[in-house]
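A.B. asks: Please arrange chain B on chain A, whose structure you already have, making use of the hints.
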Amino acid sequence: MNRTRLVTLLALSAALLSMATASAASAKTTISMSGSTSVAPLAERLAGAFVKEPAYRGKVGFRIFQGGSDIGITDVSRGRVSIGNSSRDPKPADPSGIVFNKIARDAVCVVTNTDNPLPNLSQNQIQDIFSGRIRSWNKVPGARVSGTIDLVVRTPASGTQDAFQNIFMGEDLRVAGSATTKSTNGLQANAIKSNPNAIGYASFNFTKGLHDVPYAGNLCNLRNAKAGTYGGARNFFMVTRGKASGATKAFIRFIRRSSKAKRITQTNWVPLRG
Amino acid sequence: MGAAGRALARAGARLPGSAGRPRAGGQDAGGQEAEGRWSDARVERLLGAVACLVLLLIAGMVIFVFAKAWPSFAGNGFFGWFDAKGDTARQMEDIFNSPANPDAYEYELSAWSLLWGTAVITLGAVVIGLAFSLFAAIFIVEFAPARVNRVLEPVVRLLAAVPSVVYGLIGILVLVPFVADHFISPERKESVAFVVQLSGGSVLVAVAILTVMITPIMIAIVVDALRAVPRSWMEGAAALGVNRWRVMWTIAVRTARPAIIAAAVLASARALGEAIMLSMVSGSTYFAPNPIDGLTFFLEPTRPLGAAIVDNSEGLSVEPFGQTLYAFAAVLLVSSVALSLGGYIAKRPLRKYGVRP
Chain A
1 MNRTRLVTLL
11 ALSAALLSMA
21 TASAASAKTT
31 ISMSGSTSVA
41 PLAERLAGAF
51 VKEPAYRGKV
61 GFRIFQGGSD
71 IGITDVSRGR
81 VSIGNSSRDP
91 KPADPSGIVF
101 NKIARDAVCV
111 VTNTDNPLPN
121 LSQNQIQDIF
131 SGRIRSWNKV
141 PGARVSGTID
151 LVVRTPASGT
161 QDAFQNIFMG
171 EDLRVAGSAT
181 TKSTNGLQAN
191 AIKSNPNAIG
201 YASFNFTKGL
211 HDVPYAGNLC
221 NLRNAKAGTY
231 GGARNFFMVT
241 RGKASGATKA
251 FIRFIRRSSK
261 AKRITQTNWV
271 PLRG
Chain B
1 MGAAGRALAR
11 AGARLPGSAG
21 RPRAGGQDAG
31 GQEAEGRWSD
41 ARVERLLGAV
51 ACLVLLLIAG
61 MVIFVFAKAW
71 PSFAGNGFFG
81 WFDAKGDTAR
91 QMEDIFNSPA
101 NPDAYEYELS
111 AWSLLWGTAV
121 ITLGAVVIGL
131 AFSLFAAIFI
141 VEFAPARVNR
151 VLEPVVRLLA
161 AVPSVVYGLI
171 GILVLVPFVA
181 DHFISPERKE
191 SVAFVVQLSG
201 GSVLVAVAIL
211 TVMITPIMIA
221 IVVDALRAVP
231 RSWMEGAAAL
241 GVNRWRVMWT
251 IAVRTARPAI
261 IAAAVLASAR
271 ALGEAIMLSM
281 VSGSTYFAPN
291 PIDGLTFFLE
301 PTRPLGAAIV
311 DNSEGLSVEP
321 FGQTLYAFAA
331 VLLVSSVALS
341 LGGYIAKRPL
351 RKYGVRP
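Chains as they are written, first to last, in our numbering: chain A, 1 to 274; chain B, 1 to 357.
No wet-lab data here; the hints were simulated from the structure. A hint or two may mislead.
With beta-carbon atoms standing in for the labels, derived distance ranges [unchecked claim]:
1) B/P154 - A/S131: 51 to 57 Å
2) A/T184 - B/F82: 25 to 31 Å
3) B/A67 - A/K59: 36 to 42 Å
4) B/K85 - A/S146: 30 to 36 Å
5) B/K85 - A/R257: 51 to 57 Å
6) A/S146 - B/W245: 52 to 58 Å
7) B/V195 - A/S122: 23 to 29 Å
8) A/R133 - B/K85: 21 to 27 Å
9) A/T114 - B/W70: 44 to 50 Å
10) A/P141 - B/F82: 40 to 46 Å
11) A/K139 - B/A104: 37 to 43 Å
Computed list of lysine to any residue pairs in SDA-like fashion (alpha-carbon distance at most 25 Å, straight line) [what the hints assert, rightly or not]:
12) B/K189 - A/S146
13) A/K102 - A/R63
14) A/K193 - B/W38
Among the chain A residues that face chain B by a calculated CB cut under 7 Å, a handful are [as the list claims (entries may be wrong)]:
15) S131
16) N138
17) R144
18) G147
19) T148
20) D150
21) P156
22) G177
23) T180
24) T181
25) N185
26) S194
27) N195
For glycine and all other residues, C-beta sits at the position ideal for the given N, C-alpha and C.
Here chain A stands alone, though its shape is the one from the complex (with noise of 0.2 Å):
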């Protein structure tokens, strides 16, 4: 008797549960993106926070794929994906009938151990000591410590890694095989705390503790990466075919807008407005 009664349970249960996706499923609007790693993180958690706008819940579902930049370009403009992210700029050679829309951009401040704070670094200075072309510390003016520059850097899939690569590096230069690659922003900062003779870079949210090391004479903060006087900045990019329309364009419209989507957005990059 008791089981009887336990499976019709569990039979409406499902038949309600199936019934409420089917529903769900059907008013929905799906946006997909594809594209830069960089941008993902920043694309997800803003997903997240507009699909809990009132106007917007439950009407609105997100795709997300990653896969590069020019992944996200290329998807966007066949009408694979509604939007495609993009951690670089419009080249010539993109196809054409797309708009990119700016969405945020990203800071990556060059850090060192406290006890060696560095007045300044150039672009040079910067490639040289992450290439590995300068190993040690009596090489580079303004140091207060000597002997090895030890680098500490993020593994290839972290968006810092690609950041840092993309504005201090350029297409030419890697960074050194020799240097040790820490998987998150917390193990990066504590092995340069520990270690006097560290060098490596954090976006602006991960500097506590360390010293921002100036480049090209501009200290590295929100203020001057949001003016666009720091060189170590890059922009972030929802490109779209054609003119973003629709729930693309409302959740376009959300990220510059809103004053939750720019919360967000200070959590680790440099939002557009202030």
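C.D. replies: Structure of chain B alone, referenced to chain A:
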């Protein structure tokens, strides 16, 4: 009555020979129905199905991992994958930045530094741990006063269950800075500066913590084995005037050899699969520590397979990169199977006078 009868009948059905025999106290209809439902034949088939499901799951997992990993091996040629040439860090970066076109995926990888790092750390920890656990077990079984044992044994078993990430935290916050401050001089750093950076995270710390991690479980197994040695064999030796140490070493330990091998195999499997802790303390650099460097060898960083998977898991969504990580996993799977097989083969000739816990 109905429920009690059913419960009784169910209990009865589990005992061989008792199924179907009428019970005192009466069988009602419900009871017979339940007995029919839980007859031995049915239970056997049901449990058999569950056991087969486990086998199927394992087979499915192995096939899945190998299917995923295949392009990475195929892209390098079997021996190329295990090669030592090339800068692994740069290769991993190239794989991650593969173009979108599947035909142009980048797979070139020489994973020797990962394999070497895994082997050095695992072997080091198992060899040291084995020596430790053998002597600790002899102490616990034969020499320790009962009072000491009452504390020692539960603590050993508790230590075997400490999550590895706790050891990792202790390693990165205490041991790594300690090694960096006390063992790594600026001269030592400069001597290898063009090859690798010494920053504390090293083979030494990794082996030390891994040893602490795997020794308790080895102690527990060896203790059980030594206890299982027939008392009469040891008493016979003692009666001939041999002292306690000699009795333990020549009779008990020799008899327990299969169990000691089993302990070593189990510990190696745990050491092989350790990822989080090693990712925190082993130095996070694709580098094969070089024995020619003398003592510096122990202070050089490396990155074992398990740690490499954890460190790079952010990039799983990039297809060739994910396939490379699956290839690491496949190598780990094969190694653990080889370990079990090796243990089985090593145990066979020892079985005649052996005990197993």
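A.B. asks: Now look at each hint and say whether the structure bears it out.
C.D. replies: Verification of the supplied hints:
The beta-carbon spacing between B/P154 and A/S131, approximately 55 Å, falls within the hinted interval of 51 to 57 Å. Between A/T184 and B/F82 the Cβ separation comes to about 29 Å, which falls inside the hinted range of 25 to 31 Å. Separation of B/A67 from A/K59 is about 39 Å and conforms to the stated range, judged on CB atoms against 36 to 42 Å. As the Cβ distance of B/K85 to A/S146 is approximately 34 Å, the hint placing it in 30 to 36 Å holds.
Separation of B/K85 from A/R257 is about 54 Å and conforms to the stated range, judged on CB atoms against 51 to 57 Å. Checked against the given bound of 52 to 58 Å, the beta carbons of A/S146 and B/W245, roughly 55 Å apart, stay inside it. Checked against the hint of 23 to 29 Å, the pair B/V195 and A/S122 passes, with Cβ atoms roughly 27 Å apart. Distance hint for A/R133 and B/K85: a CB-CB separation of about 23 Å, consistent with the stated range 21 to 27 Å.
Judged by the Cβ atoms, the range 44 to 50 Å given for A/T114 and B/W70 holds: they are separated by roughly 48 Å. Separated by about 45 Å at the C-beta atoms, A/P141 and B/F82 satisfy the suggested range of 40 to 46 Å. Checked against the hint of 37 to 43 Å, the C-beta distance between A/K139 and B/A104 comes to roughly 40 Å, which is consistent with it. As the CA atoms of B/K189 and A/S146 are separated by approximately 12 Å, the hinted pair is consistent with the 25 Å bound.
Straight-line distance between C-alpha atoms of A/K102 and A/R63 comes to about 20 Å, which keeps the hinted pair within the 25 Å bound. Simply put, A/K193 and B/W38 have alpha-carbon atoms about 64 Å apart, too far for the 25 Å limit, and the pair is violated. The criterion of a C-beta within 7 Å of any C-beta in chain B is not met by A/S131, whose closest approach is roughly 12 Å, and the hint is violated. For the restraint placing A/N138 at the interface with chain B, the shortest Cβ-Cβ distance is roughly 11 Å, beyond the 7 Å limit, so the hint is violated.
Checking A/R144 against chain B by beta carbon gives a least distance of about 15 Å; that is not within 7 Å, so the hint is violated. Evaluation of the A/G147 hint against chain B yields a held restraint, the C-beta minimum of about 4 Å falling below 7 Å. The interface hint given for A/T148 is met, as the beta carbon of that residue sits about 5 Å from the closest beta carbon of chain B, less than 7 Å. Proximity of A/D150 to chain B holds as hinted, the smallest CB-CB distance being about 5 Å (cut-off 7 Å).
Nearest Cβ of chain B to the Cβ of A/P156: about 4 Å, under the 7 Å cut. The hint holds. At about 4 Å, the closest approach between the beta carbon of A/G177 and any beta carbon in chain B falls short of 7 Å, and the interface hint on this residue holds. For A/T180, the shortest C-beta to C-beta distance to chain B is roughly 5 Å, which falls under 7 Å, so the interface hint holds. Using the Cβ-Cβ criterion of 7 Å, the hint placing A/T181 at the interface with chain B is satisfied: the shortest such distance is roughly 5 Å.
About 12 Å separates the beta-carbon of A/N185 from the nearest beta-carbon of chain B, more than 7 Å, and the hint is not met. At its closest, the beta carbon of A/S194 sits 5 Å from a beta carbon of chain B; the interface hint therefore holds under the 7 Å criterion. With 7 Å as the threshold, the beta carbon of A/N195 comes within range of chain B, its nearest partner Cβ sitting at about 6 Å, so the hint holds.
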